[in-house]
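From first to last, the protein sequence lines stand for chains G and X.
In this text, residue positions in the first sequence follow the working numbering: the first is 68, and each later residue adds one.
In this text, residue positions in the second sequence follow the working numbering: the first is 68, and each later residue adds one.
Since the hints were made in silico from the structure, they are not lab data.
Some hints could be false.
Identical copies carry no separate label here, and so any pair may be met within one copy or between two of them.
Claimed, not checked - Result set (DSS-like, lysine-lysine): computed pairs, CA atoms no more than 30 Å apart in a straight line:
no.: 1; residue 1: Lys-217; residue 2: Lys-190
no.: 2; residue 1: Lys-139; residue 2: Lys-168
no.: 3; residue 1: Lys-190; residue 2: Lys-115
no.: 4; residue 1: Lys-120; residue 2: Lys-277
no.: 5; residue 1: Lys-168; residue 2: Lys-210
no.: 6; residue 1: Lys-217; residue 2: Lys-277
no.: 7; residue 1: Lys-139; residue 2: Lys-210
no.: 8; residue 1: Lys-115; residue 2: Lys-277
Just so it is clear, the structure is predicted and the values come from calculations on it, not from any experiment.
There are 2 protein chains.
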Amino acid sequence: MQANADIDTSATLTERQKAVLDAALRLLVEEGDNLTMTAVARRASCSKETLYKWFGDRDGLLTATVQWQASKVRVVPVDGEKLDLASLTASLEGFASDWLKVISSDTSIALNRVAVGHAGSGKDDLGAIVLENGRFALARRLKPVLEAGKQAGFLDFTDAETAFRTFFGLVARDVQIRLLLGDRLESTEAAIGGDAARATQQFLALYGAKTGPQGL
Amino acid sequence: MQANADIDTSATLTERQKAVLDAALRLLVEEGDNLTMTAVARRASCSKETLYKWFGDRDGLLTATVQWQASKVRVVPVDGEKLDLASLTASLEGFASDWLKVISSDTSIALNRVAVGHAGSGKDDLGAIVLENGRFALARRLKPVLEAGKQAGFLDFTDAETAFRTFFGLVARDVQIRLLLGDRLESTEAAIGGDAARATQQFLALYGAKTGPQGL
DNA sequence: CCAAGGGCGTACCGTACGTTACGGTTCGGC
DNA sequence: GCCGAACCGTAACGTACGGTACGCCCTTGG
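Could you build the full structure based on these sequences and the hints that come with them?
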């Protein structure tokens, strides 16, 4: 289907439909891409006819499921009012920690797996949806923080996109690809916190302004 | 998963079999995971019966194809005899550039896609094979260089694995996941070179020894 | 020259699954 | 109480594809 991919969804969804999509999501996490319409219907205690009436076909159900999950992680925009270095550091660490938790979660792994698989034979735009609500959403939320840090004199960069991508790399490293490829990689709360702190310190070492906020 | 994944294959392969696997590989790049045995047979101008006799079943063909591709990128180990900073930098840049070229290549993307897809429903160990010949092989090749740099006094780190993962993150950033998810992301030769240089400089900024080789 | 075997092409089988159709049940409105 | 709509459960259909069987060709060796 041609995939409008963003608008409209998650509104105009009845509670029952949300429940069905939740069931599909759970099944997706358990079974991967080889979930059948019958299994979804059985799990959701609904009829296949209803599935087809609501979502068109299998791809429609999949994209609806992915969008439904995406709509659930709408986050509050960070208000950048406090400008001291400690709060900037804490904010960056928070982003890093949240991101590591997200990409380590079962549902994220499952969703990324199916999206990657579908990106190969481009029938739908699952990849675009996941990308839009994952990596690009993160960039949209983080960049204002980076800009605020720059304005406050704590950060020094010319291109926010480049700075963001560096931060992204320092945080994620090889975690996501290893998890997607099936590597066990225990991610304890403490380890994630440590990695987030390390990534933040490294980022500050690279992009921290030489002169403090009172400089220049 | 322990995944022997390396031994035995690529030996005991007749030229004809290699040609068949090349055909399968090409088809995998074009079609993704939804390639059929019939299509492979047609492309390779062989019979399905031959495919089954040689490779057992579809999964066998797939793993043989992945291993065949992996066996083709056996690289020469770097001899770390020259110890000046320029050669270390050049070596790191070379690794970064090579790695970016690899993960941007069509065949790598296709192989990772199918491996990620199969990692979901763990029938075979495609994920382990790809991981073993990709990210872990890179680590094995790079770590001696890092250790040599440390011995020579140019680098300062306690854990080579951690240092490697940082370098990995600085080089790859969001490139691989974006490509896997279908994001267009033109990778010109020049851009890759620039990114490799930037990642190397950032890595040296983080892990370069404060004191030079003559220090302490 | 002939027999054997490896391999090509193709027809065929079984099954899994997407998709559709249909009878039975619940529920809101009159 | 009755009607229609929405929905559940399930049976049925069509197809795609993994896997197998068989006939033919071509080469090799005696």
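Hints, verified against the model:
Taking the shortest alpha-carbon separations for Lys-217 and Lys-190, neither the intra-copy value of 42 Å nor the inter-copy value of 49 Å comes in at or below 30 Å. For the identical chains of this complex, Lys-139 and Lys-168 are intra-copy neighbours only, at 15 Å inside a copy versus 36 Å across copies, given an alpha-carbon limit of 30 Å. Within a single copy, Lys-190 and Lys-115 get their C-alpha atoms as close as 22 Å, and across copies as close as 28 Å, so both meet the 30 Å cut-off. For a Cα distance limit of 30 Å, the shortest separation of Lys-120 from Lys-277 qualifies neither inside one copy, at 61 Å, nor across copies, at 66 Å.
Taking the closest pair of Cα atoms, Lys-168 and Lys-210 come within 30 Å of each other both inside a single copy (20 Å) and across two copies (28 Å). Proximity of Lys-217 to Lys-277 under the C-alpha cut-off of 30 Å is found in both arrangements, the shortest distances being 12 Å within a copy and 27 Å between copies. Taking the closest pair of Cα atoms, Lys-139 and Lys-210 come within 30 Å of each other only inside a single copy of the chain (22 Å); across copies the shortest separation is 41 Å, beyond that limit. Neither within a single protomer nor between protomers do Lys-115 and Lys-277 lie at most 30 Å apart by alpha-carbon distance, with minima of 62 Å and 66 Å respectively.
Consistency with the previously given hints fails for numbers 1, 4, 8, ordered from lowest to highest.
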